[in-house]
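J.: This is what each chain is made of:
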Amino acid sequence: MASVLLKDLTKTFKNVIAVNNMNLEIKDKEFLVLVGPSGCGKTTALRMVAGLEEATSGEIFISDRLVNDVSPKDRDIAMVFQNYALYPHMTVYDNMAFGLKLRKVPKDQIKSRVQDAANLLGLGELLERKPKQLSGGQRQRVALGRAIVREPKVFLMDEPLSNLDAKLRVQTRAELIKLHRRLGITTIYVTHDQVEAMTMGDRIVVMKDGLVQQVDSPMGLYNKPVNMFVAGFIGTPSMNFIDAKLVKTEGRYTVDAGSFKVMIPESKTGKDWDKYDGKAIVFGVRPEDIFDKAIAMVPPTVENTITALVDVIEPMGAIVTAYLTVGDHSLVATIDAETKMIEEKDMEFVLDMEKTHVFDKDTEQAIY
Amino acid sequence: MSEQKIMGNPKTKTKPFSWSSVPVHAILVVYAVIVIYPMVWLLSNCLKNSTEVFTNPWMPTLTPHWDNFPRAWNQISIGTCFVNSVFVTAVTMFFILLIGSMAAYALARFVFKGREVLQTTFIGGMMFPVFLGIVPLFLMLAKLNLLDNYVGLITVYVAYSLPFTIFVLTGFFRTLPHELAEAGMIDGCSQFTVFWRIMMPIAKPGLIAAGIFNFFGIWNEYPLALVIINRKELYTLPLGIASLVMQQQYETDWGALFASLVIVMIPSLIVYLFFQRQITEGLTAGALKG
Numbered sequence: 001m002a003s004v005l006l007k008d009l010t011k012t013f014k015n016v017i018a019v020n021n022m023n024l025e026i027k028d029k030e031f032l033v034l035v036g037p038s039g040c041g042k043t044t045a046l047r048m049v050a051g052l053e054e055a056t057s058g059e060i061f062i063s064d065r066l067v068n069d070v071s072p073k074d075r076d077i078a079m080v081f082q083n084y085a086l087y088p089h090m091t092v093y094d095n096m097a098f099g100l101k102l103r104k105v106p107k108d109q110i111k112s113r114v115q116d117a118a119n120l121l122g123l124g125e126l127l128e129r130k131p132k133q134l135s136g137g138q139r140q141r142v143a144l145g146r147a148i149v150r151e152p153k154v155f156l157m158d159e160p161l162s163n164l165d166a167k168l169r170v171q172t173r174a175e176l177i178k179l180h181r182r183l184g185i186t187t188i189y190v191t192h193d194q195v196e197a198m199t200m201g202d203r204i205v206v207m208k209d210g211l212v213q214q215v216d217s218p219m220g221l222y223n224k225p226v227n228m229f230v231a232g233f234i235g236t237p238s239m240n241f242i243d244a245k246l247v248k249t250e251g252r253y254t255v256d257a258g259s260f261k262v263m264i265p266e267s268k269t270g271k272d273w274d275k276y277d278g279k280a281i282v283f284g285v286r287p288e289d290i291f292d293k294a295i296a297m298v299p300p301t302v303e304n305t306i307t308a309l310v311d312v313i314e315p316m317g318a319i320v321t322a323y324l325t326v327g328d329h330s331l332v333a334t335i336d337a338e339t340k341m342i343e344e345k346d347m348e349f350v351l352d353m354e355k356t357h358v359f360d361k362d363t364e365q366a367i368y
Numbered sequence: 001m002s003e004q005k006i007m008g009n010p011k012t013k014t015k016p017f018s019w020s021s022v023p024v025h026a027i028l029v030v031y032a033v034i035v036i037y038p039m040v041w042l043l044s045n046c047l048k049n050s051t052e053v054f055t056n057p058w059m060p061t062l063t064p065h066w067d068n069f070p071r072a073w074n075q076i077s078i079g080t081c082f083v084n085s086v087f088v089t090a091v092t093m094f095f096i097l098l099i100g101s102m103a104a105y106a107l108a109r110f111v112f113k114g115r116e117v118l119q120t121t122f123i124g125g126m127m128f129p130v131f132l133g134i135v136p137l138f139l140m141l142a143k144l145n146l147l148d149n150y151v152g153l154i155t156v157y158v159a160y161s162l163p164f165t166i167f168v169l170t171g172f173f174r175t176l177p178h179e180l181a182e183a184g185m186i187d188g189c190s191q192f193t194v195f196w197r198i199m200m201p202i203a204k205p206g207l208i209a210a211g212i213f214n215f216f217g218i219w220n221e222y223p224l225a226l227v228i229i230n231r232k233e234l235y236t237l238p239l240g241i242a243s244l245v246m247q248q249q250y251e252t253d254w255g256a257l258f259a260s261l262v263i264v265m266i267p268s269l270i271v272y273l274f275f276q277r278q279i280t281e282g283l284t285a286g287a288l289k290g
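Those protein sequences? They're chains A and B, same order as listed.
Residue 1 is where the first sequence starts when you use the working numbering, and the numbers rise one by one after that.
Residue 1 is where the second sequence starts when you use the working numbering, and the numbers rise one by one after that.
If you are wondering where the hints come from, they were derived from the structure by calculation, not from laboratory data.
Every value quoted in this text rests on a predicted model; they were computed, and no experiment measured them.
One or more of the hints may lead you astray.
No more than 25 angstroms apart at the CA atoms, straight line, and that leaves these computed lysine to aspartate or glutamate pairs for DMTMM-like [stated by the list, open to error]:
#  : chain 1 : residue 1 : chain 2 : residue 2
1  : B       : K204      : A       : D94
2  : B       : K113      : A       : E54
3  : A       : K132      : B       : E179
4  : A       : K73       : B       : E179
5  : B       : K113      : A       : D94
6  : A       : K130      : B       : E116
7  : A       : K14       : B       : E116
8  : A       : K14       : B       : E179
9  : B       : K113      : A       : E125
10 : B       : K204      : A       : E128
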């Protein structure tokens, strides 16, 4: 199998920098997800690995071989496209066998490999059909099958689930994870959907404006986002950001948001914090870390309790999403459905301060 | 396929009558008569002898002269002209579609220096009336020793048809998803294999459409053939029929003339009827969405 290494990889289109000095090592058998909003350069990065886009500068290694000048067909990769890109004039069998035929693989071997892949993906019955006679999910599986039969060193997937309906997407997501575990092929997966990224990736690369923001495990990103972008991008509903001031009193730090004050636990503060004393910061708290005081998972104290007006409650089943107002600040909270909250009433809420975040207001970087 | 056909024609029910559709249908009926009647008239006259053409021009004959056809075919060598026309049209179409599709594919798919200029030049070629080029073309072919042979005629036909063909096919290739080419490249294709094994089969509806237009143009082409071809044995159908009229001068064999016009018309009709179905099928099959 293979590792992939990107060194100082840059791609510019005329005056636009699509990928800016990207450095990344994808380990053998790893499932790496590139995630970010559209235009962040994730697909361009993937296409450079595929050889469909030429790097402006920097180097790409697949299994320690420099592949910058190697054509796509000789990179030993397979790619699944967003719109599947199945050859419409060929049957499912021919679609899957095409790459092997071009590589002059013996006929009986092609047959057995296509058959194996078809069985693995539940396509056995559909081999004689044309792509137009298949449903979206079936086409998606054929596209996967076409990649699998080649037995490549690296799988590249460009938003392969985005054309499926919500239910099928969740189902296929799980199937893809299973498939990866079974085949153990190094995979680079591009998506704009953070849920997909969180559920599928061994590691996730969050990108914005061509720059890698953070590379970490899903939980690493969730618990320790390095900046406001990552903090806001990972997690749904996204993190609440509140403009506030950091005030040090008796060796402890208080977040003063005007309409409420909460205290940061000592365990979270470090040396860097001193220079933010009295400065404007951004306080971040995830919706799921805000609790109704009556059923709070964390013990309520004066240091972590706020009073907020409940604007709207959206019941979601197991939880309710509550839109709160505290002075000038708006907050979103996801609260256990057992809550007795009432709309348009002031209620007390408890924040899990261990899980809150503080960011530099100017650089938007996390303060540790 | 059967499933596709059902999907392709979802509305087979008759619409309920409404007065508002009467004017539209009336116009369509008039238009249809204008288009169809000359053909019917031609068909009815091709079975009359010369006298009957004048004594009974509008009604079909009661005593059909089937011998008009063999006479047209043999005596005035429409047969030879027919074979010549088939040959010239087939070879020309082959080269037009081959060269045209390659050029169009390159223009549609690749960004290279001078692409815009090249494309504009091709489109410019479409604006250029054939007649303006006849004299210089004649002189050039004379110098190249290409007058009065098919190499000259076919070269000129191909050159004149390419701009339009490239124009149509470029637009068509642009609509094909570029991911198909990329998938091919990753699967192991060279640029040429992508073109030949993936894009060409998908482009079939476009090729057929361009082919049909060119077929009619070349099959019926007269002025260029008149200038370039001299020898009688090389005459194409339009030349043959024109010469038939001139030869006979004052005693025209009208029956044979109409019969030869029918002979000219039949291949066009067949091509149209046969390929029209293919075009519609190709376009409704949703072949473009992988």
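J.: Hint by hint, work out which the structure violates, then give me just those numbers in ascending order.
T.: 5, 6 and 9
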